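Residues per chain, in single letters:
Number of protein chains: 2
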Amino acid sequence: MNFLFSDYKESKPFFWGARCGMSKDEKKKIDADSNIIYVGNKPPMNYVTAIMALLNSGNFTEVVLKARGNAISRAVDAAEITHNRFLTNAEVTRIDIGTETVTNEEGRKSNVSSIEICLAMKKTEK
Amino acid sequence: MNFLFSDYKESKPFFWGARCGMSKDEKKKIDADSNIIYVGNKPPMNYVTAIMALLNSGNFTEVVLKARGNAISRAVDAAEITHNRFLTNAEVTRIDIGTETVTNEEGRKSNVSSIEICLAMKKTEK
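Quick mapping for you: the protein sequence lines, in order, are chains Z and F. With the working numbering, the residue at position 115 of the first sequence is 115, and numbering never jumps. With the working numbering, the residue at position 52 of the second sequence is 52, and numbering never jumps.
Bear in mind the hints are in silico, worked out from the structure with no lab data behind them. None of these values were measured; they are calculated from a predicted model. Watch out, some of these pointers could steer you wrong.
Identical chains blur together in the list; that is why a pair holds if it fits in one copy or across any two.
What the hints assert, rightly or not - DSBU-like mimics (lysine-lysine), calculated; alpha carbons at most 35 Å apart, straight line:
1. LYS109 to LYS42
2. LYS66 to LYS42
3. LYS109 to LYS66
In isolation and in its complexed conformation, chain Z is listed as follows (with noise of 0.2 Å):
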């Protein structure tokens, strides 16, 4: 997922977390083993195939999308597509917001609300 977490850091010029610090392969490490997508500026349709790959590879029975800012509504409307029309067996199961401080280029700190969203797989009934 690191093609879609590049985007939604280059889209704030600002920190956030630790995985500012660290290389790309050790970025791209992490989000191989993770169910996190950051949702950033790309296509809501760009998202709902990344969801659909977590889901589908058997690794995970959930996948958390995060973003803030504006994007916000975009992970929704992602949410909202594969549940509707891709994967009608998923189902939202948790959604959290928030407040992240984040520093911009020049040192000023600025507040910025966030969401989690989390979908995950309907268990089939034996």
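Once you have looked at the hints, place chain F on chain Z.
Using the frame of chain Z, we list chain F on its own:
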């Protein structure tokens, strides 16, 4: 809350829900009795003020923020600003996302994502 609702409606040139067929007076009456705030294109602080007015009026213990499309991120902003800066004893009790089908003036249907954020005052222990 009529001023906020009209902004919300005008921001999108299409039909949404049953309210659109109502006269201005009917809308005003319903909005005065309702704890729903429709988030549109105004600055987030306008909605924060509306939330505080409703919660401090004594008529409601909870407020529902509704938004769709690009306004979703603004609704999250308003909820977070209220919770972090102005009413620290208010908490987010429920977040729902969904999809609404809207018809534009040419009769074409399209889907748009929506969000409902429920903010309630914490119960103080006696």
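To see whether the hints hold, each was checked on the structure:
In this homomeric assembly, LYS109 and LYS42 come within 35 Å of each other (Cα to Cα) both inside a single copy, at 26 Å, and across copies, at 24 Å. Proximity of LYS66 to LYS42 under the C-alpha cut-off of 35 Å is found in both arrangements, the shortest distances being 14 Å within a copy and 25 Å between copies. Both within a single protomer and between protomers do LYS109 and LYS66 lie at most 35 Å apart by alpha-carbon distance, with minima of 21 Å and 29 Å respectively.
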